[in-house]
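Below, each chain spelled out in residue letters.
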Amino acid sequence: MLISLRNVEKSYPHGVGRTYVLRRVNLDIKEGEFVSIMGPSGAGKSTLLHILGMHDSAWSGEYYFMDQPVHRLNPKQRSELHKKHIGFVFQSYHLLDNLTVYENLEIPLSYRNVSRKDRQSMVADILDRFQIVGKKDLYPNQLSGGQQQLVGVARAVIANPQVVLADEPTGNLHSAQGKEIMELFRSLNESGATIVQVTHSEVNASYGTRIIQLRDGWVVDD
Amino acid sequence: MITDLRQAFRLLLTAPGFTSLVVAVLAIGIGATTVIFSIVDGVLLRPLPFADAERLIAIQSVTRGDDDGTASVPDVIDLKAARTVQDVVGYTGGSVILTGRGEAATLLTTFVTGDLMATLGAPLLRGRSFADADVRPGAAPTAVIAEHLWRERFGADAAVVGGTATIEGQACTIIGVAPETFDFPIQSKRVDVWLPIATTQIGAQLASQRGAHFVHTIARLAPGASAEQAAAELGAIGERLAREFPKSNAARLVRVVPLQERIVRQHRLALTVLLGAVGAVLLIACANVANLLLTRGVGRRRELAIRAALGAGRGRIVRQLLVESVVLSAIAGAVGVLLSLWGLAAVVAASPVDIPRLHDVRIDRGVLAFAALLSAATGIAFGMIPAFQASRLDAGETLKGTTIAADPRGVRTRQILVASEVAISLLLLAGAGLLGRTLLNLQRVDVGFAAERTLAMEISLPDTRYPNDPARIAFYRRTIDALRSIPGVRSAAAGSTLPLTGNDMGIGFRVEGRPVRDEDHTNAAYHAVSPDYFSTMGIRLVRGRAFTARDDEQAPPVLVVSETLARTYFPGEDAIGKRVTIGYHNSGPREVIGVVADVKESELSEKAQPEMYAPFPQTPWPFFSVVVRTERDPAARAAALRAAIVRLDPEQPPGDVQTLTHYVRLATAQPRFTATLASAFAAIATLLAGLGIYGVLAYGVAQRRREIGIRLALGAQPGDVRRLVMTQAAALGAAGLGAGLAGALLLTRALSSLLFGVTASDPTTFGAVSLLLMAVVVAAAYLPARRATRVDPMIALRAD
Ligand SMILES: Nc1ncnc2c1ncn2[C@@H]1O[C@H](COP(=O)(O)OP(=O)(O)O)[C@@H](O)[C@H]1O
Ligand SMILES: [Mg+2]
Chain A
1 MLISLRNVEK
11 SYPHGVGRTY
21 VLRRVNLDIK
31 EGEFVSIMGP
41 SGAGKSTLLH
51 ILGMHDSAWS
61 GEYYFMDQPV
71 HRLNPKQRSE
81 LHKKHIGFVF
91 QSYHLLDNLT
101 VYENLEIPLS
111 YRNVSRKDRQ
121 SMVADILDRF
131 QIVGKKDLYP
141 NQLSGGQQQL
151 VGVARAVIAN
161 PQVVLADEPT
171 GNLHSAQGKE
181 IMELFRSLNE
191 SGATIVQVTH
201 SEVNASYGTR
211 IIQLRDGWVV
221 DD
Chain B
1 MITDLRQAFR
11 LLLTAPGFTS
21 LVVAVLAIGI
31 GATTVIFSIV
41 DGVLLRPLPF
51 ADAERLIAIQ
61 SVTRGDDDGT
71 ASVPDVIDLK
81 AARTVQDVVG
91 YTGGSVILTG
101 RGEAATLLTT
111 FVTGDLMATL
121 GAPLLRGRSF
131 ADADVRPGAA
141 PTAVIAEHLW
151 RERFGADAAV
161 VGGTATIEGQ
171 ACTIIGVAPE
181 TFDFPIQSKR
191 VDVWLPIATT
201 QIGAQLASQR
211 GAHFVHTIAR
221 LAPGASAEQA
231 AAELGAIGER
241 LAREFPKSNA
251 ARLVRVVPLQ
261 ERIVRQHRLA
271 LTVLLGAVGA
281 VLLIACANVA
291 NLLLTRGVGR
301 RRELAIRAAL
311 GAGRGRIVRQ
321 LLVESVVLSA
331 IAGAVGVLLS
341 LWGLAAVVAA
351 SPVDIPRLHD
361 VRIDRGVLAF
371 AALLSAATGI
381 AFGMIPAFQA
391 SRLDAGETLK
401 GTTIAADPRG
411 VRTRQILVAS
421 EVAISLLLLA
431 GAGLLGRTLL
441 NLQRVDVGFA
451 AERTLAMEIS
461 LPDTRYPNDP
471 ARIAFYRRTI
481 DALRSIPGVR
491 SAAAGSTLPL
501 TGNDMGIGFR
511 VEGRPVRDED
521 HTNAAYHAVS
531 PDYFSTMGIR
541 LVRGRAFTAR
551 DDEQAPPVLV
561 VSETLARTYF
571 PGEDAIGKRV
581 TIGYHNSGPR
591 EVIGVVADVK
601 ESELSEKAQP
611 EMYAPFPQTP
621 WPFFSVVVRT
631 ERDPAARAAA
641 LRAAIVRLDP
651 EQPPGDVQTL
661 THYVRLATAQ
671 PRFTATLASA
681 FAAIATLLAG
691 LGIYGVLAYG
701 VAQRRREIGI
711 RLALGAQPGD
721 VRRLVMTQAA
731 ALGAAGLGAG
741 LAGALLLTRA
751 LSSLLFGVTA
761 SDPTTFGAVS
771 LLLMAVVVAA
781 AYLPARRATR
791 VDPMIALRAD
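Protein chains in written order, with our numbering: chain A, 1 to 222; chain B, 1 to 800.
Extracted from the complex, chain A is given alone in its bound form (with noise of 0.2 Å):
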């Protein structure tokens, strides 16, 4: 198994008491899966996909990723992990302002150890398949909606993670782009990778082998 959750509960200090994000996700994701979380706003999605990516780390419960326990893992060697395998597209882009496309989607590889050369081909490649050549001396702000969310899809794969997770990843697109991102991810599904998306369109959802219903927190339907 590629992704195991048994239990895992997330909750936020309320008052006197708690509020609960998630209660109980018991979730199996094999290898080679494509997986879409679907929920009304506010069921607790991004905060399901940023757990998975190791992102937070204040939950309880169990998580074994690729037969590692990640709850017992210490913050470096989850990192670690994350970095190995996981490429993270972001609800909100999260691109930096200050650097420009091409720097952008340099990030994660100077965090991997690629040497200088490896990281220019690479870069360049991916500016290629997405074909956005023309805008990577451009910073952010000088970008729209769409091609920012474009880089931060590109810059989630770049280091050809096994496992790509997906926040609402054309949320901001028009369906053009959005059938143009949807049609990548099969690719790399057809290729090996495991996705998970977090989407609130059926068209998307279509792309994907297998379907989540959050609500309230809880797998409502799986």
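Some hints could be false.
What the hints assert, rightly or not - Incomplete in silico selection of chain A near chain B, CB under 7 Å: (1) 79; (2) 83; (3) 85; (4) 96; (5) 203; (6) 209.
What the hints assert, rightly or not - Label-pair ranges, simulated between beta-carbon atoms: (7) B:17 / A:183: 54 to 60 Å; (8) B:779 / A:190: 40 to 46 Å; (9) A:74 / B:443: 52 to 58 Å; (10) A:191 / B:795: 34 to 40 Å; (11) B:734 / A:138: 28 to 34 Å; (12) B:440 / A:139: 33 to 39 Å; (13) A:26 / B:731: 30 to 36 Å; (14) A:74 / B:731: 29 to 35 Å; (15) A:98 / B:782: 20 to 26 Å; (16) B:377 / A:121: 40 to 46 Å; (17) B:14 / A:26: 51 to 57 Å; (18) B:17 / A:60: 54 to 60 Å.
Said to hold, decoys possible - Counterexamples of contact, computed for chain B against chain A with all Cβ distances above 10 Å: (19) 84; (20) 314; (21) 331; (22) 714.
The set of hints was computed from the structure by calculation and includes no laboratory data. All C-beta atoms, glycine included, are put in the ideal place defined by N, C-alpha and C.
Start from chain A and add chain B with the ligands according to the hints.
Chain B with the ligands only, in chain A's frame:
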């Protein structure tokens, strides 16, 4: 304006932490600057306490290698003929013995050639000053005493004028009392008594010789005459004297400088350097505060935007912010002045004794005005940058409240400010480092004698009781014998003067069989010493033999010379056996019997100079210093030393007993003072710069939380994030270091004359202080860097 003030105060009170930090940083800067300014003002700038002090001049007779500027008494008399100056008077320092008024006492004396008080325009408290008749050779002895002496020794007797005092064993008529407000020459200790130069036998003797250049000369410009005219006329007299008396005056030039300049000249550079250093500290403090205000300014953008939206013009906003910063600096100024009261006392206590007028320095009205002005200027200086930056805010954008991100212009300004702080700190550290190395080098100088476990005491024999050489030699012998028998004293010796004690004597000499060349008549430091002098002082005998008790007044005249004298005047030959005549009476040629190691005579930094030694009984003086080497702690023997002298002659006041270590230490007092203050300022500057860097980086980390979160989410390790902050710190540090090094290389050259054994661009010092500063930068970056690694990506990513 009142509204601005009220709001400013309210604002400062609502942020007490911020307010106290700013006040503390500024108060240190203003306080330190006030202290140094008060010293510069009191020592360098303030007019001398005499009537029309700016018309007082010093007339200096200088030769190559002797810029002391002393003239001979016959020279002074000739200089009196000048029409552009009046009241020309010569003086020299010394001491005399007062007896018959309680315990015998040594009085600090100024010997004069005329009416010194008239020259200085100083009225007497009682009686009169010297008339021409009083200073003529053979005149009846007279004295003007200081008010404190009059109170302490004469019971403030109203009828003191016309009475007598026993000075040097002879009855002197007291003709006047000088008020407490009068003191001349201005030095660390107050003068007790003024006497005509011929009062002592030796004074009378020297005063008659054209070649005895030993008096300082001052005068007052004649009404209507300018300093240039005086310089021209006195210079011409000097040239005439050089022609008329080539033997003594051939190479002499007569020069005129303002009296004040002569008195403070030697301290000007050091004090100016310190003022510059402390000004730099204040600059750093300002930069720091400007930074703090900029940081706060970011938080206040909303407030200012609302004000602008409500119709406040740019001018209003600038004014409001300036009022705030001036209020801050005013409070800091008040605290700074309080700090300076304490600081001044500390600096004066730590200072070497010989800075004239230092003990009269006060935080007075002038200094207070300076501090007030400084505070206002400071407030405007550090308030200006944030005020203008705030005034350029785009109200619309800020009010939409979308971006809290740092204004890039503000960030840049802050970085430049901090880099400048680093640069200025480097400048100060480099200066302090060079001065510190100078001090170390001076302390490491081989003085040529062993100062540890020694005691020294000056003895001056009055002509009346010791009128001739046999009497003086007899007392000298009895003194050494008495000292030698004190328990715990290993050996005892005497010398006409001891090295580094502030007394030195130079005498001309001539090598037998060599032609006398007039223009460079050869001079050497000279000591008349007892047989055990070299062994007691620990001066190494290099060749030949030292004196023995057999080298007495009946024995053939002998001489011991220093290595440098031997090398300079007998190159490639053996000095031993050579015959040399020294300028002592007409004592005839002496045979050189030994060569000893070089000794520092008056300064640690001096080049090795020719020195010669003759047996005291063969060249006796009416004064000498004794020195003893003790078994253990020398201080414990001081009382015994004094008692031994009193036992020999109850009328002979025992002089100051000091260890030679004390004198060696005193020789480093001035450089130590400068180095200590400069180091203190450099330390404060570095601390403030470190604080500034910390502030900018901590603020930067707070601003970049989102970025750091994203980077962590994209796989950055704590190490990567730490590197992010460290790189920024290193960039700031490197920029500051670069600018600082360039500036330091230019500015430290001004220090050259204060340095010893180290060049103004010493690479070791520059390297060391650069490393030190870089270490401070890294230390300052440590906490922000650690905080950056603790950013929780979840919180950073969610916050939008
Ligand atoms: N820091 C927080 N403190 C309290 N509640 C939070 C915090 N962050 C998110 N939540 C709550 O958690 C719930 C789930 O949020 P999220 O996972 O972003 O939902 P989704 O992505 O499904 O729209 C929401 O109700 C949100 O208000
Ligand atoms: Mg969401």
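**Unmet hints by their number, sorted upward, for this structure** = Violated hints: 3, 5, 6, 8, 12, 13, 16, 18 and 22; rest satisfied.
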